[in-house]
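Could you put the whole structure together from the sequences, leaning on the hints where they help?
Letter by letter, the chains look like this.
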Amino acid sequence: MAVALAPATTEEIMSVALSRQFRAREHAFIGLGTGDRAFIYAVGIPTVAAQLAADRGVDFCLQYGTLLDPSITGIPDSLGDPDLLDWECAARLPVERCLDVFRRGLMTCSFISGAQIDKFGNLNSVRIGREGPPKVRLTGPIAQADHAVFAQRTFVIMPHERRVFVDRVDFISAPGHGDGPGWRERQGLPGGGPDKVITDKAVLGFDAVSRRMTLDSVHPGVTVDEVVAATGFELLIPAGVGETPSPSAAELAAIRGRIDPTGKLLQARIK
Amino acid sequence: MTSKVATLSEAIGLIKDGDSVALGGHTLRRHPMAAAAEIVRQRKRDLHLIGWNSGIDFDLLVGAGCARIAETSYVGISGFGLARNFRRAAEAGSIEIREHSEISALDMFRAGASGMAFIASSVLMGTDVPATNPRIATVISPFDGKPYTAVQAAHPDVAIIHAHSADRHGNVQLDALHWPDNDADVFVGWAGKTTIVTVEQLVSDEAIREHPDFTILPRDAVTCVVEAPYGAYPCCCDDRYTYDLDFVGDYYAASADPAGFARYLDEWVFGLADHDAFLQKVGVDRLLAITTKGAL
Amino acid sequence: MSKVGTLEELVDLVKPGMSISFGGFAHSLTPLAFVRELIRRDIRDLELIGIAEAWAADMLAGAGSLRKIVFSNFMFEGFGLCRNFSRVIETGAVEFEDYSHFALASRFSAAGLGLPFATVRSLLGSDLAGSDDGVQRVRHVDFTSPFGDERVMLLPAASPDVVVIHGHRGDEHGNVQILGATAVIEEQARAGKTVIATVEQFVDSAEIRATPNHTVVPGLLVSHIAEVPYGAHPTGMFRLYDADYDHIRQYAEASRDPAAFAAYLADVTTGDHQDYLARLGVRRLLNLRVDPHFGYHLERTESGWRA
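Chains as they are written, first to last, in my numbering: chain C, 334 to 604; chain B, -11 to 284; chain E, 62 to 368.
Derived by calculation from the structure, the hints in this document are not laboratory data. All C-beta atoms, glycine included, are put in the ideal place defined by N, C-alpha and C. Where hints are given, some of them may not hold.
Stated by the list, open to error - DMTMM-like mimics (lysine to aspartate or glutamate), calculated; alpha carbons at most 25 Å apart, straight line: (1) Lys468/C x Asp234/B; (2) Lys281/B x Asp419/C; (3) Lys281/B x Asp328/E; (4) Lys604/C x Glu84/B; (5) Lys281/B x Glu70/E; (6) Lys281/B x Asp416/C; (7) Lys281/B x Glu158/E; (8) Lys604/C x Asp419/C; (9) Lys604/C x Asp273/B; (10) Lys134/B x Asp512/C; (11) Lys134/B x Asp433/C; (12) Lys4/B x Glu84/B; (13) Lys529/C x Glu464/C; (14) Lys76/E x Glu268/E; (15) Lys281/B x Asp265/E; (16) Lys604/C x Asp265/E; (17) Lys281/B x Asp336/E; (18) Lys269/B x Asp328/E; (19) Lys269/B x Glu288/E; (20) Lys281/B x Glu288/E; (21) Lys134/B x Glu518/C; (22) Lys529/C x Glu567/C; (23) Lys269/B x Asp307/E; (24) Lys468/C x Asp245/B; (25) Lys468/C x Glu84/B; (26) Lys269/B x Glu70/E; (27) Lys281/B x Glu567/C; (28) Lys604/C x Asp234/B; (29) Lys129/E x Glu158/E; (30) Lys281/B x Asp333/E; (31) Lys604/C x Asp307/E; (32) Lys281/B x Glu429/C; (33) Lys269/B x Asp333/E; (34) Lys281/B x Asp222/E; (35) Lys181/B x Glu429/C; (36) Lys468/C x Glu79/B.
To be verified - Interface residues of chain B toward chain E, partial, derived using beta-carbon atoms under 7 Å: (37) Val191; (38) Glu194; (39) Pro217; (40) Asp262.
And the structure:
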């Protein structure tokens, strides 16, 4: 059936970009956070990306909270316990075993976020303000700290705003590349640190030598200047930065028709 | 065998001002909310709260002025946003916050439950978290000479968890279906010097002995058991009931400013004699609406 | 057309003058939320073809809803006579027919099987059916078996206009699951011209299909169904909640006196079922919770548990 598809939304562009990062034989972890935009970034986009990757035949193990390989599209309507317990899956791990998966380095990639990120990919979800009582108290380190320490690579999904992309985070709750080359090794961090940062404006990576954030591509309709203006530190911009690929008609049809028909994931229509 | 059955008021009466008090549960899941309300009602002060993934439980106790220290990996009201009482107290400097990640928070209970002095791993390395928390230190492994993070065992003066059923001797069970994030409670319960367990229902010895594999805490790990039906409300409680997001939303709105929260406390805590009165005010309709159907 | 309706919509199906029968036995399984709604609407002139539903019979008798009672045995187990029921018989306000339990069940069975009559021997030799002076107390025919000279009695099949049952779980197709002893519910449901079910909980049809052995009344027999939690109160539902014996005691006391009973009825029929539950209150309902091992409520005492 030929359907004229509406143009891709930003969240769809982000999902498709993230889906290209999945690799076979990885163990990917998605947390089960709730709430509006934070849910879209932490759960919705990684979930749609995972299904798109699975559709392409990438064979990876997916862990949601304590669930192993649940039916991705079967995500329940609410995250209350009775609904979560109805979610069909291969295994429901004891919580300590789930965290042991992190600590033993079995989690190869995960998806995290925060209130601040800096040019080395360090994240802050604890406090705004360095000294004394915080100017804004945030939620706390949660599991993001564990992902950032132990995962072989993390993908950071955040809104691209100047107050979010800061030169130095006020508090490192989830370590990125610290202060540059060799920092993670000196700290003895087993994981590899942030690999890509996917925002509502661009896809960003980290320079192999300086470990500073670089611009990989800008989303359709977004200019390099807009990205620079929304970034509170000096971004490395290689020559000839391209555009993030637009989702194909088939990908859009899959997202809208099968993966997220009710907007649970990309519009946070979940309770 | 002596009975370990207590009233909620008697059980919470075991807490002294200044005690360290660990609370079970996870985000908006199975926090011992009836017990937390009773702590507020008894106007406990200067508590050192310990949790692994906290939420409305910590926010209520901080907002009611019961806490001096909050030690956990998270305090938020899930989808609604930041925990407003907690945020206000943090920004005013009126509570000390000792940070954790999920793993280090679980480790302190796991070590406490297992009789280990500390658990060493690479957790929290490279973060600013250890500087906030005296329970976290760097150690050099004598085996490879490398630095690791040590998380000291927690032995809370009082640990409080909410579970599904118990017999009068204090053997505590969870139903076959329970959400694993809530299972940190097993470590929390084992770690306490005094352990209070509220349960949905006190049941016969036969009911407990019919499913011995469901027992998470045997009676010698439990100081007292209290029957508190819907004792996690408005949080969800595994396959028994889901959360009441309308109630949480009203709580969240009330916590926007101190005056609004004071009114909330008057209406929903101080104005009600006990947990029964609280449930009656919530009402049959509302409780039926969140209760899981289909269990035979 | 969906079979699912509200309690109020289901009660709309009962018209004055109809014959009606209810599920229920002793202090269990009785669709009393439905009965309270019938009384609230003041639907009268009903013919109750009742077999064991003492609660429905006594409440309707006390409310003046009945024109005739066809029955086998009504009593309040542990509390003595059904006093409203006895009173309307004693004053002659209501016509009645006495049957043995099995004879009446056989009349339902015959209707359920599509037979013209039931062949029974239960009423032989007693005064129940009639006496030798030719008085017919119940409609019957003395008959000699065509296969010998054995004497039997033929009773007409009984097919109530409406049969109302209350179950534990149901689905939108009208399947009704009941746990524990079910009394004569299957025979009643098969006999009814219209079968109405209230259930404690609606569940997904898949859940019903996963536990088909609990389905006592299949959806093909049920034309309308409503979800009515605590719909049997003050009678109990095995494994869900126990009978409310405090309430039953109050009822038994009130039923000794027409004025006191009228006051009781006025109280329990004020507002709808939700109002009724709200007036009972959370603690009272929680006190009816059953022990998961025993299936009924246990009272905790100093030394242990007491049934």
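Taking the hints in turn, this is what the structure says about them:
1. Annotation: proposed proximity of Lys468/C to Asp234/B is violated, straight-line Cα distance about 29 Å (limit 25 Å).
2. For the suggested pair Lys281/B and Asp419/C, the alpha carbons sit about 12 Å apart, so the restraint of at most 25 Å is met.
3. Between Lys281/B and Asp328/E the alpha-carbon distance is near 29 Å, which puts this suggested pair outside the 25 Å criterion.
4. Restraint check: the Cα-Cα separation between Lys604/C and Glu84/B comes to about 32 Å, which exceeds 25 Å; the hinted pair is violated.
5. Using a Cα cut-off of 25 Å, the hinted pair Lys281/B and Glu70/E holds, with the two alpha carbons roughly 23 Å apart.
6. Of the supplied pair hints, the one linking Lys281/B and Asp416/C holds, its CA atoms being roughly 11 Å apart against a limit of 25 Å.
7. For the given pair, Lys281/B sits about 41 Å from Glu158/E by alpha-carbon distance, which is inconsistent with the 25 Å threshold.
8. Straight-line distance between C-alpha atoms of Lys604/C and Asp419/C comes to about 15 Å, which keeps the hinted pair within the 25 Å bound.
9. Using a Cα cut-off of 25 Å, the hinted pair Lys604/C and Asp273/B holds, with the two alpha carbons roughly 20 Å apart.
10. For the hint linking Lys134/B to Asp512/C, the alpha-carbon distance of about 21 Å falls within 25 Å, and the restraint holds.
11. A C-alpha spacing of about 20 Å is found between Lys134/B and Asp433/C, which places the hinted pair at or below 25 Å, so the restraint holds.
12. Our distance criterion of 25 Å between C-alpha atoms is met by Lys4/B and Glu84/B, whose separation comes to about 19 Å.
13. With a CA separation close to 30 Å, the supplied pair Lys529/C and Glu464/C exceeds the 25 Å bound.
14. Taking the CA atoms of Lys76/E and Glu268/E, the gap is about 34 Å. The hint is violated against a cut of 25 Å.
15. Between Lys281/B and Asp265/E the alpha-carbon distance is near 10 Å, which keeps this suggested pair within the 25 Å criterion.
16. Pair hint Lys604/C plus Asp265/E holds up; C-alpha atoms about 20 Å apart against a cutoff of 25 Å.
17. For the hint pairing Lys281/B with Asp336/E, the CA-to-CA distance comes to about 21 Å; that is within 25 Å, so the pair holds.
18. Restraint check: the Cα-Cα separation between Lys269/B and Asp328/E comes to about 21 Å, which is no more than 25 Å; the hinted pair holds.
19. Of the supplied pair hints, the one linking Lys269/B and Glu288/E holds, its CA atoms being roughly 24 Å apart against a limit of 25 Å.
20. Pair hint Lys281/B plus Glu288/E holds up; C-alpha atoms about 11 Å apart against a cutoff of 25 Å.
21. A C-alpha spacing of about 12 Å is found between Lys134/B and Glu518/C, which places the hinted pair at or below 25 Å, so the restraint holds.
22. Distance hint between Lys529/C and Glu567/C is fulfilled; the C-alpha atoms sit about 17 Å from each other, no more than 25 Å.
23. Only pairs whose Cα atoms come within 25 Å are accepted, and Lys269/B paired with Asp307/E is accepted, the gap being roughly 23 Å.
24. For the given pair, Lys468/C sits about 17 Å from Asp245/B by alpha-carbon distance, which is consistent with the 25 Å threshold.
25. Between Lys468/C and Glu84/B the alpha-carbon distance is near 15 Å, which keeps this suggested pair within the 25 Å criterion.
26. With a C-alpha separation of about 30 Å, the suggested pair Lys269/B and Glu70/E falls outside the 25 Å cut-off, and the hint is violated.
27. In summary, the hint linking Lys281/B to Glu567/C is not supported, as the alpha carbons are separated by about 56 Å, beyond the 25 Å threshold.
28. Proximity of Lys604/C to Asp234/B is assessed by CA-CA distance (about 11 Å); at most 25 Å being required, the pair is judged to hold.
29. Annotation: proposed proximity of Lys129/E to Glu158/E holds, straight-line Cα distance about 8 Å (limit 25 Å).
30. Pair hint Lys281/B plus Asp333/E holds up; C-alpha atoms about 22 Å apart against a cutoff of 25 Å.
31. With a CA separation close to 40 Å, the supplied pair Lys604/C and Asp307/E exceeds the 25 Å bound.
32. Between Lys281/B and Glu429/C the CA atoms are separated by roughly 30 Å; this puts the pair beyond 25 Å, and the hint is violated.
33. The straight-line distance between the Cα atoms of Lys269/B and Asp333/E is roughly 19 Å, inside the 25 Å bound, and the hint therefore holds.
34. For the proposed pair Lys281/B and Asp222/E, the alpha carbon gap of about 32 Å is over 25 Å, so the pair is violated.
35. Taken as a hint, the Lys181/B and Glu429/C pair is honoured in the structure, with Cα atoms around 22 Å apart against an allowance of 25 Å.
36. With a CA separation close to 6 Å, the supplied pair Lys468/C and Glu79/B stays within the 25 Å bound.
37. Interface hint at Val191/B: satisfied, since its Cβ lies 5 Å from the closest Cβ of chain E, which is below the 7 Å cut-off.
38. Given hint, Glu194/B at the interface with chain E, holds; its Cβ is 4 Å from that chain's nearest Cβ, closer than 7 Å.
39. Checking Pro217/B against chain E: minimum C-beta separation of about 5 Å stays under 7 Å; hint holds.
40. Because the closest C-beta pair between Asp262/B and chain E is about 10 Å apart, greater than 7 Å, the hint is violated.
Hints 1, 3, 4, 7, 13, 14, 26, 27, 31, 32, 34 and 40 from the earlier list are contradicted by this structure; the remaining hints agree with it.
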